[in-house]
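These protein sequence lines map, in sequence, to chains P and X. The letter at position 474 of the first sequence is residue 474 when you use this note's numbering, and the numbering goes up by one with no holes. The letter at position 52 of the second sequence is residue 52 when you use this note's numbering, and the numbering goes up by one with no holes.
No wet-lab data here; the hints were simulated from the structure. Source: prediction; values computed, not measured. Note that beta-carbon positions come from the ideal geometry of N, C-alpha and C, so glycine has one too. Please note that the accuracy of each hint is not assured.
Here are a few chain X residues that face chain P, going by a calculated C-beta distance under 8 Å [said to hold, decoys possible]:
| no. | residue |
| --- | --- |
| 1 | L6 |
| 2 | G13 |
| 3 | A16 |
| 4 | H19 |
| 5 | D25 |
| 6 | D27 |
| 7 | G36 |
| 8 | L37 |
| 9 | L43 |
| 10 | V47 |
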Amino acid sequence: MTLAIILAYLGLVLAVGLLSRRLSTGTGEDWFLAARNIGPFVLLMTLFGTHMTAFSLLGASGEAYRNGIGIFALMATSSAIVVPAIFYFVGLRLWRLGKKNGYVTQVQFFRDRFQSDRLGLLLFVVLVALLIPYLLIGVLGGGLTLNEITGGSVPQWAGSLMVCAVVMTYVSFGGLRGTAWANTLQTMVFIVLGGVAFFWIVSRLGGLEAALDRVAVDNPDLLIRGDRVQPLKLLTYAAIPMSVGMFPHIFMHWLTARRAQSFRLSFVGYPICVALVWLPSVLLGVIGTSDIPGLKGPAANSIMVLLIDKHAPELLAGLLAAGVFAAIMSSLDSQTLSLGTMFTQDIVRHYRKAEMDGATQVRVGRSFVLALITVTFLISLVAPRSIFKLGIWSFTGYASLLPLVVAAIYWKRATRGGAIASILTVAALWIFFFVRAWSVPGYTVGGTGVMPVAVILGAGALVLVLVSLAGRPPERAVLDRFF
Amino acid sequence: MTSRRLVLLALAGLFALHHDLWWWDADDRVLGLPIGLTWQVLLCLAVAVAMALFARVDETDPGEQP
């Protein structure tokens, strides 16, 4: 039954992604950017779905199981405040510049703003290197989830293969339009199904009040912040959602907006969607400590699946699995497409001597999407589970690059030298902290509660400012195109 | 005051309120939830209200608000 529901869901996503092709004009701009014609609702759903991963459903409940309600403040409210701010101050402005100057990728924008091919190539390498582990986590997560939900009857590789095959098909055929439509469906599915799972389980436990009363007796410290979330960690963790400003897949979706007004719903709707998804997940994690006690370490991430298994009928288990798949695929599709777009535009098209027509660009883009998903799937067969720890490091890297984009669009004095020095500083410090923190769970700088991202971001910003001020200002003619 | 400054001020204020040290260890329930959780959910909704009120978008020149 569970498997049948998941297969039906995957078929539905595929159909929506492929149907969108009917609206395609067949041009390169349509495949890569949905002809810059996405309206407010689809833009909100696709931005939210792309940004939220399966972590919001399964990981959040696991974190709440271990650390209590403080996880909501740490991870959800931080995003609810920081992300709309970045959409407004960064996304909207990049949309305008993208439309005016015809950009398709971030690298094109930075190359043009700082008039440097070398900077473009450096940034390409960094952005791709940070995105590939993220892709791998999605593919592995799909396989593991299906394996758990079906009680081990579907092997991990089969679940990963299903996710890859569906995403590869609708991304290749539908391009960004197909991705946006499929994401809209998937985002609605995981918001609704997370809520349904919550209400079902809580009603089986005698209502929310009774369930929380049990937690108050068994684990009262999970209902307060206490020592489980340090104030300094809460402060510096807010730097993590700043990664949204440098994600290649989010940049790509910003450029698809039909008009500036299309962004308004995303500014307002994003924090509401965050609350709708995270509140049920966090509460289920906390309530789960009384209902299914004793889960240690990563095993706690299965708490939602275990609660469903214990309290819900098979139909709901299947629907929840569909919701988790929705959350995984709505990120995986955009990440894959953005990588395919970057390889096509920033490498093949940029370094090829002859001009490429739209149809050739789409063919090359499709080939890269196929190749990337195939390679990711093959790596997922041998990758260790510790790869999931890379997720936070991917966010740390992108967040630390935020000063680069802020300076590029708001500070005329920012120079090529400053930008390159900032990227190199971020890369060096990222490697330094990554090596130090890899074997230390919950690592903070010197055990102070300060997240490494706050230090790397600050250092990157400082170097950018100092090196820029030490160099010659950019030419007036270039600046006039950006300010 | 410009739209951008209003958004910046509102979000900075909400960010400060996000660090609710004053009921860090309070275990009362408000609206059926632990007070620390209720507060954070209300902050998410307050961000939506602030963006609806202050984030104006100029169609002709987005990003360059009057």
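For this session: Identify whether the interface hint at A16 of chain X stands, where standing means a beta carbon of chain P within less than 8 Å of its own.
Result: With Cβ-Cβ at 10 Å, over 8 Å, it is violated.
Exercise. Can we keep the V47 of chain X interface hint, with Cβ of chain P closer than 8 Å?
Worked result: With a closest approach of 4 Å, the V47 of chain X hint holds.
For this session: Return the status of the interface hint for G36 of chain X: holds when the least beta-carbon distance to chain P is below 8 Å, violated otherwise.
Result: holds (6 Å)
For this session: Have a go at the L6 of chain X hint: is there a Cβ in chain P nearer than 8 Å to its own Cβ?
Result: violated (11 Å)
Exercise. Against chain P, with CB atoms and a cut of 8 Å, does the hint on D27 of chain X hold up?
Worked result: This hint holds: D27 of chain X lies near chain P, its Cβ roughly 5 Å from the closest one there, short of 8 Å.
Exercise. Does G13 of chain X meet its interface restraint, that is, does its C-beta lie within less than 8 Å of any C-beta in chain P?
Worked result: violated (10 Å)
Exercise. Hint check: is the beta carbon of H19 of chain X less than 8 Å from a beta carbon of chain P?
Worked result: Holds: closest Cβ of chain P sits about 6 Å from H19 of chain X, inside 8 Å.
Exercise. Is the shortest C-beta separation between D25 of chain X and chain P less than 8 Å?
Worked result: holds (5 Å)
Exercise. Given L43 of chain X was flagged as interface, is its beta-carbon under 8 Å from a beta-carbon of chain P?
Worked result: holds (5 Å)
Problem set entry | Given hint L37 of chain X near chain P, where the shortest CB pair must fall under 8 Å | holds (5 Å)
Checked against the numbered hints listed earlier, the structure breaks hints 1, 2 and 3; every other hint is satisfied.
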